[in-house]
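Enquirer: Numbering (the numbering used here), first residue to last: 51 to 500.
Treat the hints as calculated values from the structure; they're not laboratory data. Misleading hints may appear alongside valid ones.
Unchecked claim - Capping the alpha-carbon separation at 25 Å, the derived lysine to aspartate or glutamate pairs in DMTMM-like fashion look like this:
| id | residue 1 | residue 2 |
| --- | --- | --- |
| 1 | Lys487 | Asp390 |
| 2 | Lys442 | Glu470 |
| 3 | Lys412 | Glu345 |
| 4 | Lys361 | Asp266 |
| 5 | Lys259 | Asp305 |
| 6 | Lys371 | Asp382 |
| 7 | Lys371 | Asp388 |
| 8 | Lys361 | Glu317 |
| 9 | Lys474 | Glu345 |
| 10 | Lys474 | Glu436 |
| 11 | Lys474 | Glu317 |
Said to hold, decoys possible - Distance ranges between label pairs, derived from CB positions:
| id | residue 1 | residue 2 | range |
| --- | --- | --- | --- |
| 12 | Glu99 | Asn215 | 47 to 53 Å |
| 13 | Leu173 | Asp150 | 27 to 33 Å |
| 14 | Thr89 | Arg230 | 24 to 30 Å |
| 15 | Gln206 | Ile102 | 44 to 50 Å |
| 16 | Tyr174 | Ser227 | 27 to 33 Å |
| 17 | Leu247 | Tyr174 | 52 to 58 Å |
| 18 | Glu317 | Arg473 | 35 to 41 Å |
| 19 | Ile255 | Arg473 | 25 to 31 Å |
| 20 | Pro140 | Asn244 | 45 to 51 Å |
| 21 | Arg230 | Gln253 | 33 to 39 Å |
| 22 | Arg117 | Ile237 | 26 to 32 Å |
| 23 | Arg230 | Gln206 | 19 to 25 Å |
Heads up, the beta-carbon is just placed ideally off N, CA and C, and yes, glycines get one too.
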Amino acid sequence: MIKYIRDLAFGKNPYVTLQKRVLIMMMLAGILLGIVGNTINIALALPFELLIAGTIVPLILLYLVYRVVYGRKEKEYTSAVGWVLLVFFPVQWTMNGGRDSNTPTLFFFAITLLLFILPQKRLYLHAVLLSTEFILLYFVDQFLPHMIVPYTSDTQRFYDLLLGNTLYLALLIYTASVIRNSYNFQIQKGELQNKKLRELNKQLIEKEKILKQYADELEKSDRSKSRFISILSHDLRSPFQGLLGLGEILSNDLDKMDREKGKELAELLYHSLQNQYTLLNDLLMWTKVQSDSIEPEIRELKLHPVVEEVKGIFSSVCNQKDINLVNSVQADSAIRADRDMISMVLRNLVSNAIKFSNTGGKVEVLYNGGEAGSVITVSDNGTGMEPAVLEKIKLLDLGFTTPGTRGEKGTGLGLNLAYEIIRKHNGAISFQSAPGKGTVAVIELRNGHK
Numbered sequence: 051m052i053k054y055i056r057d058l059a060f061g062k063n064p065y066v067t068l069q070k071r072v073l074i075m076m077m078l079a080g081i082l083l084g085i086v087g088n089t090i091n092i093a094l095a096l097p098f099e100l101l102i103a104g105t106i107v108p109l110i111l112l113y114l115v116y117r118v119v120y121g122r123k124e125k126e127y128t129s130a131v132g133w134v135l136l137v138f139f140p141v142q143w144t145m146n147g148g149r150d151s152n153t154p155t156l157f158f159f160a161i162t163l164l165l166f167i168l169p170q171k172r173l174y175l176h177a178v179l180l181s182t183e184f185i186l187l188y189f190v191d192q193f194l195p196h197m198i199v200p201y202t203s204d205t206q207r208f209y210d211l212l213l214g215n216t217l218y219l220a221l222l223i224y225t226a227s228v229i230r231n232s233y234n235f236q237i238q239k240g241e242l243q244n245k246k247l248r249e250l251n252k253q254l255i256e257k258e259k260i261l262k263q264y265a266d267e268l269e270k271s272d273r274s275k276s277r278f279i280s281i282l283s284h285d286l287r288s289p290f291q292g293l294l295g296l297g298e299i300l301s302n303d304l305d306k307m308d309r310e311k312g313k314e315l316a317e318l319l320y321h322s323l324q325n326q327y328t329l330l331n332d333l334l335m336w337t338k339v340q341s342d343s344i345e346p347e348i349r350e351l352k353l354h355p356v357v358e359e360v361k362g363i364f365s366s367v368c369n370q371k372d373i374n375l376v377n378s379v380q381a382d383s384a385i386r387a388d389r390d391m392i393s394m395v396l397r398n399l400v401s402n403a404i405k406f407s408n409t410g411g412k413v414e415v416l417y418n419g420g421e422a423g424s425v426i427t428v429s430d431n432g433t434g435m436e437p438a439v440l441e442k443i444k445l446l447d448l449g450f451t452t453p454g455t456r457g458e459k460g461t462g463l464g465l466n467l468a469y470e471i472i473r474k475h476n477g478a479i480s481f482q483s484a485p486g487k488g489t490v491a492v493i494e495l496r497n498g499h500k
């Protein structure tokens with residue numbers, strides 16, 4: 051309790067309101083003034099009645115301190131202090147020399163503190179009562195001087211003023227110190243609260259970002275699932291009608307058609323089946339990648355043979371569009387990657403390059419290795435892409451696809467799959483393109499090369 055009161059008395063308890071701290075400080079100061087004042091009164095042989103008042107008031111204030119510290123009704127006890135002052139000042143005034151003493155100084159000092167801590171509802175009442183009392187005491191001093199007990203000598207008055215005003219000055223310094231400490235504590239408390247609020251706000255912003263990221267991923271996942279169902283129901287199913295039609299023609303009319311026509315239909319059937327097979331592979335790989343049920347088996351492999359395989363797959367299409375597909379990868383160039391996955395990525399990128407190349411165009415696969423990693427590029431001199439199309443590609447819109455130079459249709463699945471596969475290789479895919487100037491697809495693998 052002593053430490054608690056001491057902290058309150060010196061304004062060092064930040065968990066108590068400033069008004070309560072000042073109230074307790076004021077009452078403790080009143081107790082101290084009563085003790086020191088009585089000592090001075092005895093030393094200067096001032097009236098006995100003043101000694102009694104100087105004893106009763108500290109006892110009342112001591113009781114109020116106890117009630118305020120252990121209770122929660124400081125507003126009521128603040129008013130009680132006001133009533134005590136209303137009773138005490140007339141006694142102090144009349145018994146201690148009236149206006150010639152240091153009582154007016156004490157009066158103004160006490161009123162200032164009291165008005166600072168009084169609740170709003172009682173502020174004006176006590177202000178009017180104390181002001182009226184002060185005026186009446188001056189009138190009594192002026193017109194009823196016989197009611198005032200004067201000093202017995204100038205020496206008595208001198209020492210009373212000296213000691214009293216010195217004590218009031220010390221009290222003023224003490225009060226200023228308490229208010230300053232209280233103010234500093236309030237600032238520190240406010241800064242601490244602001245810091246906590248900033249931290250909470252930062253956490254909320256981070257959580258909001260995470261929630262937005264989850265929401266975006268969920269939305270993307272929903273779009274992907276919708277597109278996946280669309281691919282299964284349309285892009286995968288529709289071509290089978292054509293395949294069935296080709297099969298029916300070959301079955302019924304093969305004996306009647308010439309060799310060239312039969313060969314043309316057989317090639318068409320082969321390419322259709324090849325496209326469907328590629329699409330099925332892409333779908334299966336895409337579902338595995340999306341469900342994180344597959345991880346790349348990173349091994350060192352020669353890149354040139356992989357590109358040759360891809361080149362062989364598209365040889366027929368290249369012949370039809372008169373496109374020169376060039377494997378410019380050096381025979382000894384090696385990368386660290388999953389062979390099947392990197393082959394699938396190259397197939398999709400080469401397929402897109404052929405799709406958007408004009409008749410007589412060129413598609414080239416290049417490799418450049420360094421200490422930082424490997425870079426594979428698939429370039430074409432085709433139609434190129436508008437900035438809006440490039441932006442769509444960056445967003446990995448699964449449903450986004452555009453027709454090729456001969457009206458070739460796509461599913462929008464290939465690039466999305468390529469992005470996911472390269473991401474699992476700790477790499478990235480980017481595109482450089484401009485309308486009419488072709489496109490360069492850049493694969494960056496950051497896991498080294500040989």
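Enquirer: Hints numbered earlier in the text: which of these fail when held up against the supplied structure?
Expert: 1, 3, 4, 5, 6, 7, 10, 11, 12, 15, 17 and 23
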